[in-house]
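Asker: Spelled out, the chains give:
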Amino acid sequence: MTASAEPDETFRPGTWDYYRRVLLAPACLCLVAGLHVYRVNVHDQSPWKGGGFGMFSTVDSPPARYLKVYLLTDEGEIPVELPDRLSKRAAELCTAPNEEKLDYLTEQAAGLSWKSDRRYWQKVATQFNVLRAGERPIDRRYVEPPQIMSVRFEPRRPGEKSAVVAAARDMSLNAGYESVTYHAVRIELWRLAFESDQKQVHGTRSLSCTKSRTEPSE
Amino acid sequence: MSVFRMPPLVRATERLDQELREPLDLLALLTVFMLVVAGPQIWYFHTPIVAMAVCAMCFRSLVRTTQFWYLSATLIGTVVYLNWEGADNHKYLICYWCLALCCAFSMPPKYREQGIMTTSRLLLALCMLLSVAWKAATPDYLNGEFFHYTLMIDERFESFARWFGSLPQGVVADNRQLIGLLQNGHLRGIEVSSVTLDDAGGMRGLVGFMTWWTILIEGLIGLLFCLPDRRWINRTRNTCLLLFATTTYAVATVRGFGWMLMMLGFAQCKREQKGFKLAYLGTFILVQLYALPYEAVVNTMLNYFESPPCCRELVSLLTGTFPLL
Numbered sequence: 001m002t003a004s005a006e007p008d009e010t011f012r013p014g015t016w017d018y019y020r021r022v023l024l025a026p027a028c029l030c031l032v033a034g035l036h037v038y039r040v041n042v043h044d045q046s047p048w049k050g051g052g053f054g055m056f057s058t059v060d061s062p063p064a065r066y067l068k069v070y071l072l073t074d075e076g077e078i079p080v081e082l083p084d085r086l087s088k089r090a091a092e093l094c095t096a097p098n099e100e101k102l103d104y105l106t107e108q109a110a111g112l113s114w115k116s117d118r119r120y121w122q123k124v125a126t127q128f129n130v131l132r133a134g135e136r137p138i139d140r141r142y143v144e145p146p147q148i149m150s151v152r153f154e155p156r157r158p159g160e161k162s163a164v165v166a167a168a169r170d171m172s173l174n175a176g177y178e179s180v181t182y183h184a185v186r187i188e189l190w191r192l193a194f195e196s197d198q199k200q201v202h203g204t205r206s207l208s209c210t211k212s213r214t215e216p217s218e
Numbered sequence: 001m002s003v004f005r006m007p008p009l010v011r012a013t014e015r016l017d018q019e020l021r022e023p024l025d026l027l028a029l030l031t032v033f034m035l036v037v038a039g040p041q042i043w044y045f046h047t048p049i050v051a052m053a054v055c056a057m058c059f060r061s062l063v064r065t066t067q068f069w070y071l072s073a074t075l076i077g078t079v080v081y082l083n084w085e086g087a088d089n090h091k092y093l094i095c096y097w098c099l100a101l102c103c104a105f106s107m108p109p110k111y112r113e114q115g116i117m118t119t120s121r122l123l124l125a126l127c128m129l130l131s132v133a134w135k136a137a138t139p140d141y142l143n144g145e146f147f148h149y150t151l152m153i154d155e156r157f158e159s160f161a162r163w164f165g166s167l168p169q170g171v172v173a174d175n176r177q178l179i180g181l182l183q184n185g186h187l188r189g190i191e192v193s194s195v196t197l198d199d200a201g202g203m204r205g206l207v208g209f210m211t212w213w214t215i216l217i218e219g220l221i222g223l224l225f226c227l228p229d230r231r232w233i234n235r236t237r238n239t240c241l242l243l244f245a246t247t248t249y250a251v252a253t254v255r256g257f258g259w260m261l262m263m264l265g266f267a268q269c270k271r272e273q274k275g276f277k278l279a280y281l282g283t284f285i286l287v288q289l290y291a292l293p294y295e296a297v298v299n300t301m302l303n304y305f306e307s308p309p310c311c312r313e314l315v316s317l318l319t320g321t322f323p324l325l
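Protein chains in written order, with the numbering used here: chain A, 1 to 218; chain B, 1 to 325.
No wet-lab data here; the hints were simulated from the structure. Just so you know, these numbers come straight off a predicted model, no measurement behind them. Cβ coordinates follow ideal geometry from the N, Cα and C atoms, glycine included. Be careful, since some hints might not be right.
[To be verified] Covered by chain A, according to a simulated footprint, are these stretches of chain B (three or more residues, beta-carbon under 8 Å):
| no. | stretch |
| --- | --- |
| 1 | 34–42 |
| 2 | 121–127 |
[Stated by the list, open to error] Among chain B residues calculated to face chain A with C-beta under 7 Å, some are:
| no. | residue |
| --- | --- |
| 3 | GLN114 |
| 4 | TRP134 |
| 5 | LYS135 |
| 6 | PHE146 |
| 7 | HIS148 |
[Unchecked claim] Over the 12 Å line for every Cβ pair with chain B, so calculated as not near, a few chain A residues:
| no. | residue |
| --- | --- |
| 8 | ARG85 |
| 9 | GLU99 |
| 10 | GLU107 |
| 11 | VAL180 |
| 12 | ARG213 |
| 13 | GLU215 |
With the rest of the complex left out, here is chain A (with noise of 0.2 Å):
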C-alpha cells in the first residue's frame, strides 16, 4: 500500500513534479509570445503571426504587405505573378520582411524561365481586331506585329492573373505557350496604410530588388 502511494505523492499539488507539468505549456506560451515580441520589434515580423496573439489589433496583417514583381524586357516592364513554387517564400518575405529574402526571391525569379500564353493573346489579339475591323474576326498571324504589342502588356485588372507565367519545369506543360525574352526581374514590397479621417488607403513601396536574368536551373 505505501510503495504505491509513494511514487501518487511527488504529483501532489505544490511538488515540483506536479508544477512542472502545470506550467509547461504556459511556459512555453510565454516563451514564444516573447519571442514574437522580439521579432516583431526588431525584424519587422507582423503581430498577427508568430503566436504572440496580436491578431485583430492592426490594419499591418500580412495581406495588408504585397509583392509586385515585373519582368523587365526591352519593351517594357510586365507584371506577372510569382508561381506556387515560390509562394511560402514570398509569404514569409511579406509576414517578416528583410533585405536577404527579397534578395533570395529575386534571385530565384530571375532564375526561372517566364512563358507567355499564345491562346490569350490570340484572344486578344482577335477581340482587338474585331473592334479594328468590324465584325470578322482574324487570326493572330494576320495581325501586324505592333498591333499585337499595343495590346500585349495592357491593362489589367485586379483579380486578373497575368498572362505571362512561370514556365513549368515538366516541358509538356509549356506546349501552346512562347518564351518571354527579359533580362531583370525586379520586386517590390509593398504595405497598405489606412487613414481613418480620409477613409484613404495608400501603398507604399518599402522594399526593392533587381536581379538579372540568370540561366535557368534544370
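Given the structure of chain A, go ahead and fit chain B onto it with the hints provided.
Answerer: Below, chain B alone, put in the same frame as chain A:
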C-alpha cells in the same frame, strides 16, 4: 433498475452527468474532433491525425495516454514551426493544449483534473492579456483605424457592418476591389498609389464601441483568470468568457479559436459547476452555428418566394427571353 430498462433520455442524461463530473475524457474527445475538423489541412498533419482519431474512436483508452497527446502536440507543433508565416494564433493554442493534455495524463488520475484546471486558467489568462497588450500598444487600434478598415473590407464582418453600421450592400465588395486595384491592378502609364474607400458615413459609433468593448472584455477576462479562486470571481469570469464568445464569434466567425476558448473554459470549471460546463458545451456548438451562411440562406429564400423558378420561366417564355435559348 437495470441499465437496459432505463429510458434512452434518462440514460443519456446520466451519461452526460457522468461526463461533466469527470470531464477529461470528454475534453480529450472534443480535442480529437477539433484537430480533425479545425486543425491544419496539410497532409503530413491531417493524415496521421485522422488515423489517430479513428484509433481513438475504436480504443477509447488511447485518448487517456500521454503518448497520444505527445504525438498530437509534436505533429501540430511541427506544422506551426514549418508554416510559421501563415499559422494563426489558435494553432499555437491548440498545440499548447495538446501539451497540457499530455502533461495531465502523465499525472496520477486523482491529480489530473486539478492540473488541467490550473493550466487552462493560465492559458486563458495569458492569451487574453497578450491580446489586450497588443491592442493597447498599437496606435492604429486605439484610434479606431483598425475596426474602421476591417468593417469596410473584411467579408467576415460584412453582415455585422450592414446590420449595425448601415453599410450598404455591395460596398465591401467594391472596397475590396479598390484594394485589389492597389495591390495587383496594373495600369499602363497610371500609378495608383491610393484609393478612397466608402463606408456611407455611418460607422463612427460602431467602430468606437467595438474598439473599446473588445479591450474591456478581453482585459477583464484576462485579469479575472489571474485572480485567486473565489466564488464570485469564478462566476464572473465564466460569465465574461461566455459573453465574449457569444458576442465575438457571432461577428468574427473564427471557429478554431472559439472552440479552443470554449474547451479551455470547460476544462477550468470546477467539478460542481455543471451549469457553466453545459454552457461552454452549448457555446462550442453555437460557435459552429454562427459560421453557417444565414444571410445567404435568408436571401435565397426571399428571392425564391418573391419569384419562384416556375414563375420566372413562365415570364421569360411569355417575354421571349427564355434563358435556355
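Asker: Confirm or reject each hint.
Answerer: Hints, verified against the model:
no.: 1; hint: 34–42; verdict: violated (count 0)
no.: 2; hint: 121–127; verdict: holds (count 4)
no.: 3; hint: GLN114; verdict: holds (6 Å)
no.: 4; hint: TRP134; verdict: holds (4 Å)
no.: 5; hint: LYS135; verdict: holds (5 Å)
no.: 6; hint: PHE146; verdict: holds (6 Å)
no.: 7; hint: HIS148; verdict: holds (5 Å)
no.: 8; hint: ARG85; verdict: holds (15 Å)
no.: 9; hint: GLU99; verdict: holds (17 Å)
no.: 10; hint: GLU107; verdict: holds (19 Å)
no.: 11; hint: VAL180; verdict: holds (16 Å)
no.: 12; hint: ARG213; verdict: holds (21 Å)
no.: 13; hint: GLU215; verdict: holds (28 Å)
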